Amino acid sequence: MSRRWQEALGPWFVVLALFALWEGVVIAARLPSFVLPAPTEVFATLVQFAGPISQHSLHTLMTTLIGFGFSVIGGVALGAAIGASQVAYKAVFPVLVGFNSIPKVAIVPVLIIWFGIGTVPAVITAFLISFFPIVVNVATGIATLEPELRDVLRSLGASKFDILRKVGLPRAAPYFFASLKVAITLAFVGSIISETVGSNEGVGYLMLQASSRFQIPLVFAALVVVAAMGITMYAIFAGLERRMTGWATRGMDQAAYATGH
Amino acid sequence: MRAELKFVELDNVSLTYGGGTLAVDKLDLSIARGEFAAVVGPSGCGKSTLMKLVTGLAPASKGNVVVAGREVAGPLKIVGMAFQNPTLLPWRTTLDNVLLPLEIVQPYKATFRRDREKHVARAKALLATVGLKGFEERYPWQLSGGMQQRASLCRALIHEPDLLMLDEPFAALDAFTREELWAVLQDLWLQRRFTCMLVTHDLREAVYLADTVHVMSARPGRVIETKTIDIPRPRTLETTFEPHFVDLVHHLRARIAQARVAA
Ligand SMILES: Nc1ncnc2c1ncn2[C@@H]1O[C@H](COP(=O)(O)OP(=O)(O)OP(=O)(O)O)[C@@H](O)[C@H]1O
Ligand SMILES: [Mg+2]
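The listed protein sequences derive, respectively, from chains F and R.
Residue numbers for the first sequence follow the working numbering, beginning at 1 and rising by one.
Residue numbers for the second sequence follow the working numbering, beginning at 262 and rising by one.
Hints listed in this document are in silico derivations from the structure and should not be mistaken for laboratory results.
Remember, predicted model here, so these are calculated numbers, not experimental data.
All C-beta atoms in this analysis are idealised placements derived from N, C-alpha and C, irrespective of residue type, glycine included.
Worth double-checking, as some hints may not be accurate.
What the hints assert, rightly or not - Quick look at which bits of chain R chain F covers, simulated, 3 or more residues with Cβ under 8 Å:
id, stretch
1, 320-328
2, 344-351
3, 364-370
As the list claims (entries may be wrong) - When the alpha-carbon atoms are kept at most 30 Å apart in a straight line, the in silico BS3-like pairs for lysine-lysine are as follows:
id, chain 1, residue 1, chain 2, residue 2
4, R, K379, F, K160
5, R, K267, F, K166
6, R, K267, R, K338
7, R, K287, R, K488
8, R, K370, R, K394
9, R, K370, F, K160
10, F, K166, R, K287
11, F, K90, F, K104
12, R, K394, F, K160
13, R, K287, R, K267
14, R, K323, R, K394
15, R, K338, R, K379
16, R, K379, F, K166
17, F, K166, R, K370
18, R, K323, R, K338
19, F, K104, F, K160
20, F, K104, R, K267
21, R, K338, F, K166
22, R, K488, F, K160
23, F, K166, F, K104
24, R, K488, R, K323
Said to hold, decoys possible - Computed spacing ranges between beta-carbons, pair by pair:
id, chain 1, residue 1, chain 2, residue 2, range
25, F, F161, R, A329, 23 to 31 Å
26, F, L240, R, N273, 52 to 60 Å
27, R, F373, F, M244, 39 to 47 Å
28, F, L240, R, P495, 48 to 56 Å
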């Protein structure tokens with residue numbers, strides 16, 4: 001088998017092996033399905049409850065994408081602002097780090113008090129949790145401009161805005177796209193946490209309901225869907241990254257940027 | 262010779278960096294309009310600092326820096342610069358890298374889009390003179406180090422600056438490429454006669470290219486000798502083997518050796 005095929009099939013092979021191992025353990029230890037359902041049972045449940053699962057998953061996907069959208073806009077704006085100014089960077093960064101250290105689960109109840117049970121707290125949680133890596137990466141990309149290049153530009157009479165537009169932002173692009181991959185998966189975590197704490201829709205809500213009725217296979221079926229959505233989104237943004245910033249890897253296919261978080 | 266038309270003038274200039282390093286002290290230097298000046302001196306003596314002083318990127322702690330008859334108070338607006346590291350933008354093609362100054366410097370900036378065709382033609386012609394014809398659409402990382410340095414020179418010259426500042430531009434190149442680029446730079450200078458300040462560690466390079474070589478002392482840097490290079494142009498590689506050339510290089514080498522011991 002050629003190297004390319006090995007690389008393409010590798011992940012599928014690992015997933016299959018994982019499921020096989022899981023199935024084996026369940027059979028060998030005779031685990032009852034309310035402790036750990038076997039993958040075959042999980043997939044059977046997935047088919048059986050395809051309707052409600054897809055409905056709730058789509059809701060979660062929407063919630064996640066809206067929150068993520070806000071964090072892209074806010075993250076780039078704030079990242080550009082603090083990346084371009086040392087003073088702003090030093091002033092804002094400690095607050096950002098402090099804020100990022102707060103477990104988001106702790107905020108959700110407050111958000112629910114403010115905005116009521118439902119989609120709004122989930123969108124906000126998705127936003128809050130995925131915002132930080134984007135800000136940090138964009139700011140880093142802009143702030144690490146080579147001093148010589150800055151000198152070249154300043155001695156041409158470039159304004160701060162010129163420098164940001166012509167060099168800062170393009171330079172931050174690879175950092176930005178690398179952070180999107182991380183941010184989108186975090187956004188899923190955020191919206192599902194919020195749905196679990198207080199919502200009447202979404203995969204988090206579905207899982208909470210299922211586990212309170214001891215429908216453990218349904219919980220796992222939902223988890224599998226969440227993981228699949230996460231992987232898909234990650235792959236989409238990884239593909240986007242490769243397309244947009246081929247220059248950063250000098251035509252090679254490897255990116256090694258700080259991804260924050 | 263043309264000393265009456267001073268273009269760059271430093272009078273008793275000192276610069277102390279934050280942290281207390283006295284980098285240059287009581288430095289006097291003058292460069293005539295259209296002159297090619299080279300600055301040599303022991304490592305760490307303040308040559309790069311001198312470049313920053315002249316271009317206004319670092320303000321003098323004491324003394325006056327005057328360029329084109331005006332006291333330098335902030336970054337000068339139309340200087341071309343090139344460094345040891347070519348600092349090309351990897352997301353732009355070689356051609357677009359060369360065009361960058363035109364997107365920033367007035368008066369080109371205002372009409373850049375409209376006159377793009379014209380500028381592209383000019384950039385291509387400039388790239389051709391440094392031997393980069395056919396590489397316009399390549400990305401910098403697809404070029405060799407020497408080719409990147411040529412492109413960097415083009416970027417420094419495209420907006421026809423009155424002052425070209427070069428900080429060890431050829432230091433990272435192999436001897437053959439370096440000597441080739443001496444000729445390229447000399448040709449460009451003979452055509453355009455911009456005022457040029459070249460910092461280098463290579464004394465042959467300084468003598469080959471410059472009208473005047475300024476020798477700096479060890480830190481804190483001062484100009485301890487100004488040597489006029491009275492070799493006719495265009496100079497060639499053959500020139501570098503002539504006794505007079507070799508004498509000049511020896512003389513400069515001895516001065517720098519003294520400067521280092523004195524430190
Ligand atoms: N930004 C800075 N902050 C503090 N000190 C500095 C800074 N830049 C340079 N220096 C100090 O000033 C002195 C002169 O530095 P400079 O870079 O001008 O030397 P140089 O002659 O260009 O050296 P080289 O030949 O090695 O390039 C050095 O002692 C250096 O440590
Ligand atoms: Mg230096």
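Item to complete: Mind checking the hinted window 52 to 60 Å against the Cβ distance between F:L240 and R:N273?
Response: 57 Å, holds
Discussion item. Does F:K166 sit within 30 Å of R:K338, going by the straight-line distance between their CA atoms?
Written reply: 17 Å, holds
Worksheet item: Is it true that the CA of R:K267 sits at most 30 Å from the CA of R:K338?
Response: 19 Å, holds
Worksheet item: Is the straight-line distance between the alpha-carbon of R:K379 and that of F:K166 30 Å or less?
Response: 21 Å, holds
Worksheet item: Mind checking, does the stretch 344-351 of chain R have 3 or more residues with a CB under 8 Å from chain F?
Response: Answer holds; 5 residues pass the 8 Å Cβ test.
Worksheet entry | 8 Å C-beta test of the stretch 320-328 of chain R against chain F, three or more residues | Our answer is that it is violated, as 0 residues pass the Cβ test (under 8 Å) against chain F, missing three.
Fill in: Hinted pair R:K287 and R:K488, Cα distance within 30 Å
Status holds; Cα separation ~19 Å.
Worksheet item: Is it true that the CA of R:K488 sits at most 30 Å from the CA of R:K323?
Response: Judged against 30 Å, a Cα distance of about 26 Å means the pair holds.
Discussion item. Run the distance test for F:K90 versus F:K104: straight-line Cα separation, threshold 30 Å.
Written reply: Distance of about 24 Å is within 30 Å: holds.
Fill in: Restraint check for R:K267 with F:K166, where alpha carbons must lie at most 30 Å apart
Not OK: R:K267 and F:K166 at ~35 Å, beyond 30 Å, violated.
Fill in: Given hint F:K104 paired with F:K166 - CA-CA distance at most 30 Å
36 Å, violated
Practice prompt. Report holds or violated for chain F covering the stretch 364-370 of chain R, Cβ cut-off 8 Å, minimum 3 residues.
Written response: holds (count 4)
Violation of the numbered hints given earlier is confined to hints 1, 5, 10, 12, 14, 19, 20, 22, 23 and 27; the remaining hints are satisfied by the structure.
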